[in-house]
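Participant: Each chain is listed here by its residues.
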Amino acid sequence: MEKHVFLKEIVAFLKDELIDVYGDPQSIIVKHLRDPEHVDEFTLDWINPGKPEKQKIAETSKAKAIVVDKDVVFSEVLRNQGKVLLVATNPKLAIAKAGNEFFVEKVTPGIHPTAVIHPDAQIGKNVYIGPNAIIEKCVIGDDSIIDANVHIYSSVIMGKHCTVKSGAVLGGMGFGFEKDESGNLFRFPQIGNLFIGEYVEIGANTCIDRGALSDTVIGDYCKINNLCHIAHNNKIGMNVVITAQVNISGSNVIEDDVWIAPNATIRGWIRIGKSATIGMGAVVTKDIPAGETWVGNPARKLEK
Amino acid sequence: MEKHVFLKEIVAFLKDELIDVYGDPQSIIVKHLRDPEHVDEFTLDWINPGKPEKQKIAETSKAKAIVVDKDVVFSEVLRNQGKVLLVATNPKLAIAKAGNEFFVEKVTPGIHPTAVIHPDAQIGKNVYIGPNAIIEKCVIGDDSIIDANVHIYSSVIMGKHCTVKSGAVLGGMGFGFEKDESGNLFRFPQIGNLFIGEYVEIGANTCIDRGALSDTVIGDYCKINNLCHIAHNNKIGMNVVITAQVNISGSNVIEDDVWIAPNATIRGWIRIGKSATIGMGAVVTKDIPAGETWVGNPARKLEK
Amino acid sequence: MEKHVFLKEIVAFLKDELIDVYGDPQSIIVKHLRDPEHVDEFTLDWINPGKPEKQKIAETSKAKAIVVDKDVVFSEVLRNQGKVLLVATNPKLAIAKAGNEFFVEKVTPGIHPTAVIHPDAQIGKNVYIGPNAIIEKCVIGDDSIIDANVHIYSSVIMGKHCTVKSGAVLGGMGFGFEKDESGNLFRFPQIGNLFIGEYVEIGANTCIDRGALSDTVIGDYCKINNLCHIAHNNKIGMNVVITAQVNISGSNVIEDDVWIAPNATIRGWIRIGKSATIGMGAVVTKDIPAGETWVGNPARKLEK
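Residue numbers (numbering that gives the first Met the number 0), protein chains in the order written: chain A, 0 to 303; chain B, 0 to 303; chain C, 0 to 303.
Since the hints were derived computationally from the structure, they do not count as laboratory data.
Quantities reported herein were computed from a predicted structural model and do not represent experimental measurements.
Be aware that a few hints might be false.
[To be verified] Okay, the calculated bits of chain A under chain C, using three or more residues with CB under 8 Å as the criterion:
| no. | segment |
| --- | --- |
| 1 | 30-43 |
| 2 | 90-96 |
| 3 | 139-152 |
| 4 | 215-225 |
Beta carbons: idealized from backbone N, C-alpha and C, even for Gly.
Work out the full structure: start from the sequences and follow the hints.
Facilitator: This is the structure we're talking about:
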């Protein structure tokens, strides 16, 4: 399973990320990425710009090739060690791009024979659909990955380059009831759609409901982790990060670049402003203005 | 997919809900239900009784047919617009009933060929069982809908008219352990049943465990949303609303008409009195008397 | 389904658990375990050592055979009732062992024909794999039970005697992103393994992610309940109890014998010391020293 990649290939691939390359990548082979404790001579190492003593980390790393920011200089020590420095604007992004290109097993497009696909489903090009996935008469964009056991209802219109992890349930009926004459709960119709943008990622066993009379909308580049619940009629902007087990009740507006920490709960019918941050386990009962951070139960603005 | 329904059919269907009908429904065609922002001339519109300025909403609606309560009068304006008012005791219930009858795709009973069904399972009439559902030697009442990937263990006895959404796991072993002589955790037997009443709805990826030595019981008309956990031995009454990601530890008694908001957590061995309300993200550690509202972590009575 | 077991068989099976047996087990038949309210003459009853008035409970039990601790004496009353006392060091453990041996339906090893198994998966002896389970090129130890709809990725190395309940997703990609030049979120590689020890139990619809560059590790005898999320790179010790809907962010160290109550949330990059207890719904943002109990949002040490 281990790869053998010439460092020069990686350098070529990363050319838009790199400001400078010091040392000679010619004969260096890279076999893997590793966490700091397990770095060896075949690791493509990297140093997070936020760390203290980056120069020392570079000089003591066992790796031959290290992605760094421009604070790390190609010292005499590094030169004598025969190391290669790949100086990047954003080392974490550079290592992410190289890692995905060279060291992550690619998913091969195709539809697993056990998947249950509606004959009128509109499935784009280069889509992967995993074992036992259930795809109703929906739309799935090109280059998307639908993992095992996912259920996508006919209400779903999903863009390109999306990833849906195992067991997610997309576009099911929302939760709305009205008491009838006998005082028993009676279902309110749930007939809206669920629109999902491009480059959206949806975690394992996460549930996103279709709209009731309106639609549910998830913007481009949203990243949603495992076991989240997103109720009907939510309008969620772009690049919103929804971490694990977040619970979003119905009919909210969540603007671009909001970050929602694990297990936060958001009531319905509110607005979360652009780039707001919601803390771990926060219970949000009010609108949150753009850019603010709210934490606690009930959630309040974090001052400072 | 769009329907064409004569308004007079809807009026006839709703006859028990309607107090009065003003205007002439004869030639009006309804194609859909829509949220207020998207109402058009083919919408069966409705006005929530709690809204301000209901008369004005009716007079500015683009719809020809509007379900209202008796506060809205059939004014000169409405008459001249050629509108029809359907005056209902409960407009939301009326629109829900009409919506389900005319605008919601019905599930056709039948067992999907990929479902795995125990030969001795007792499955009622007009039951739908979706793709890849796993039905052990349990009892499922008439007119129930079991969606894709649901797993129902042999411990389950479920009544009529239930809906179980995708990925729910019903009647599995509860979580009980005792330390053995070596200090290692050892499973306590879980051999009780899970009784589910009639008209119960269970959300996607929700897990309800069978009893340990006793049984778990879910009363008629309970509505349980996605990603909930209900542990062994709970006795839950009728018309209890359990919203998304609620966590109910074992051996509680939850009386009729309790309402539990999203992501609330309830410890074991307590009693929640009739019609109590538990707030969003509340952490309930004590008995709650009937009719009270408790919120917070730990939950306390909400005064006022 | 009801069993007929001779009490003398149970006594023989429990010989290492029992200090004494009073009365004559010879002719007594046991058919089931039951909760206190439903005990009858065919029940193997037991009395929790923590209960008050244990002697009275024994003398009023309808059961012929009762597992007790040594505080309960074989009184004249018990003798005249023809009862048998099984005196155990730990009555709950004794009843658990007897219950599992005689009254719990055993799972028969075997691979269900609908399971999707990678040809190079390493599956041990006496393993059960349920319907629609998806087993990639992973390692599963002997005597393990993998229930329906479980998805185990190739990153997983699992020990012996594990139980994985329905719908769990093990070894999927973790949740890590970096903003790219356009400000859009871009996936960080997730290429570590997920190591699971022996006698581990994993609840229904629980998700445990593989490591990013490091590994995720779950120690022996850990018991994890339904709907939990365990992120990448966590190192979890032995006999850790993780109850339902617990949320553990990435890269923590959780030492042996920690107990985490339902719906608690733990941020990333912290250490929870040995035998610490985390309360229901607690939001843990800091290291917790060994043996301490922390509760609340944010979690604080519980004094007293």
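Participant: Give a verdict on every hint.
Facilitator: To see whether the hints hold, each was checked on the structure:
Check on the segment 30-43 of chain A: 6 of its residues sit with their Cβ under 8 Å from a Cβ of chain C, so the three-residue criterion for coverage holds. Beta-carbon proximity to chain C at under 8 Å applies to 5 residues in the segment 90-96 of chain A; the threshold of 3 is reached and the given coverage holds. Residue count for the segment 139-152 of chain A with a Cβ under 8 Å from a Cβ of chain C: 3. That meets the three needed, and the coverage hint holds. Counting residues of the segment 215-225 of chain A whose beta carbon lies closer than 8 Å to any beta carbon of chain C gives 5, which meets the minimum of three for the stated coverage.
Violated hints are absent here; each numbered hint is respected by the structure.
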